[in-house]
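Can you make the complete structure from the sequences, with help from the hints?
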Amino acid sequence: MLYFSKLKIISVIIFTLLLSYLTSSNFFKFDDSFINKNINLGLDLQGGSYLLLEIDNKPVITQHLQNKLVQIKNYFKDKKIPLKNIMLQDNEKIYFTVNKDQIEETKSLLDKDDSEINPFFQQYKSHQFNIENSDNEFMLSFSKYAIIQIKISSQNQAIEIVRRRVDEIGTNEPNILKQGNNRILVELPGLNDPGRIKSLLGKTANLTFRFITQNEEESFGTEKLFFEYGSDQAIVSKRIILSGDNLIDAQPKMDNQSNQTVVHFNLDRVGSKKFAKATTNGVGKKLAIILDGKIISAPSVIEPIIGGSGQITGDFTFQSATDLAMLLRSGALPAPLNIIEERTVGPDLGQDSINSGILSLIIGFILVVAFMIYKYRVFGLIANIALIFNLFILVGILTLFEATLTLPGIAGIILTVGMAVDANVLIFERIKEEIQDEKNQILAFDSGYTKSKTTILDANITTLIAAIILFIMGSGPVKGFSVTLGVGILTTLFSVYYIARLLTALYVTKNKFKKGLI
Amino acid sequence: MEKKIIAFNNLYKTCNLASTILIIISLLLLIFKGLNYGVDFKGGTLIEIRANNNNISISDLRSSFNNMNLGDVSVKQFGNKNDFIIKFEKRNSNQPDFILNIKRKLSISIGDNFDFRRVDNVGPKVSSELLKSGIIAIGLSLAAMLIYIWIRFEWQFSLGAIIALFHDVVITLGIFSLFKLEINLSIVAAVLTIVGYSMNDTVVIFDRVRENLKKYSDLQIFELTNLSINETLSRTIITSATTLLALLSIYYFGGEILKGFSLAMILGVVFGTYSSIYIANPILVYLKVSQKAVLKEDKN
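Read top to bottom, the protein sequences are chains Z and P. For the first sequence, the working numbering gives the first residue as 1, with consecutive numbering after it. For the second sequence, the working numbering gives the first residue as 1, with consecutive numbering after it.
Hints listed in this document are in silico derivations from the structure and should not be mistaken for laboratory results. A quick note: this is a predicted structure, and the numbers were derived from the prediction, not measured. Be a bit skeptical, because a hint or two may be false.
Stated by the list, open to error - Pairs of lysine-lysine, DSSO-like flavour, derived with a Cα cap of 30 Å:
#1 Z/273 with Z/285
#2 P/103 with P/4
#3 Z/8 with Z/68
#4 Z/224 with Z/178
#5 Z/68 with Z/79
#6 P/215 with P/13
#7 P/105 with Z/294
#8 P/215 with Z/432
#9 P/125 with Z/203
#10 P/214 with Z/453
#11 Z/515 with P/4
#12 Z/439 with P/215
#13 P/214 with Z/432
#14 P/42 with Z/58
#15 P/125 with Z/178
#16 Z/515 with P/215
Next up, the structure:
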């Protein structure tokens, strides 16, 4: 165990120096550095906001059912099976009845493996719809797979919109990730007050232009909506003239005539045509501008708007006009988002945490180092040198993988300092025992290393298991702890078996005739 | 140089009785008094406030928050005398301007001389998920340890180690319950680390027990465990000492946020060290582990 080949010695030295160099790159800026990496500081250390958003998929599922209902109706019409009483039940199910002599045919169209109207079977071994059937009544509800597909697609859309909105705010290096199939995690480093971003993410920003109507018997149906400001109501047609999808740009602007802040918008080609047509036919009518189910304003159409641009008036301040323009530019969310978890740390608390973390690391380190020298003299020194390089390698590896360092992560490093000497202690104690029976000190050292090996592995693997489970199950700062603890165990084993053992070997072979080495 | 042998085994019965009583008390505390869950697990809002001058008193804060109709509000001093922690459990706190409104109302009643240093706002759904995953994590780690030790040792050892682990975790949580210390995410991390550490300590002694079982065919397990404990004693003491030094350093200098975490770990290390000697080993004695058990293992 005490023999090292030249090659091995050189590789240990190179490996150690390389990672120590990486460590130092966190503290000094090298202009010519060949690896430009840094440890990321967690939000708890650099300050910032962590938001967990949950997508409310209910309206999306209802929307999909409504679309599907129309498709089903048309499909069976083509197959010469007229559906009766077709309707949406509780926003969860499609209900219809068929003629008694067409029950079997309907069933087979819905049930066969390559069904066109009830697909997915080939892919998932499950249909898009679960079918309940009694006599001539049919009840269709989305299957598990269909729901998952809807969720994933609305998550994909939502994360894109969230990213755009966060980018518009211009925070530095935001981190936006999917969680599960209906959540989005937003990390905003350095953001002290997430109030504005929260209110922007809280809006679906579903914009529609619809005519106000007095006549409740309109063919598309009507609904009563509130105005955004005040408690007035108006009856609005369900027919959508134009939606936010047709917008290509929106900017806040001062209107010179009225001296009001407005939001100016430009439409795409399709939108321009639609808008021109509607406003030509609707001169004199009131056009309601509706955002998320509330009327922002309802100006009268004085003349046809054919230029493909227009403006939204309303009771805006410059800030609220800017926000609305931004929301319209970034597009509508497919579904409302709820903020289900929020954690914000101010930058000065983060700095305090860094300071106290580093202070306790230094003090813990000094205490352990002093204790080891007191207890083992020369070998304590060897263990300490290994410990120092252990820390360098640990931080070097964290740097290499650009891991995120959190406050519990710093605690994990301190704990590594305390526990890292364990392996060396085990070895030194074993050598002490061996020396009692074995007069040849080199042999005693050798067997001390050999015999303690399984114990050290067993003991470290148990802690490693705990760290791995914590890494899988934990979140945020706690995950940072599991990373430093787990990587710390690996670097400890390396520093003990390569650095400390190498130094021990050098020292022991030089002083093999000295009595009472340890 | 012969070392003096300490007769740990004379105290096996006494310590086991004491530990059993402690475990029962802890379990009763956990069942009837329960744990003081923080916002991570209970849901609700936590705000850390720092006053920029000495004019803000805890009673001012308490009365202003009570006027905001937030339900049950707890206001506590935290670290130095200008830092306060405010906690409450208000439903529907996910309105975007919820925190902003609180800040606004607060500045009306006590002035502008304060900062929100930290805000945690955890919805009921997330908190129950976090609690569930915390419990699963601890359960999983216990199971993983059990399996690992089972593979590496005989089942008697596995049982001994797990009972020792259970002992450490339950008593640590019992102390948290007794003193109403807050249980949050970092405490779960601490408990998992305790599991790892306690296991580490037990494994070192068990390794020696196994080695000695093969070496001394004439020693009874009662004496043999004591011999093994003595042989590994200085390592046990030194490692516990260095780990405790590191943890005490976190406790005293690591700031308020790491206090509960390091306290749980300190308790865990103390009980973990104790249990590897006085819980794990007596169980080997009660299960009458003999040379046969480990020799059979070698043949396989």
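Are any of the numbered hints broken by this structure? If so, which, sorted upward? Failing hints, ascending: 2, 3 and 4.
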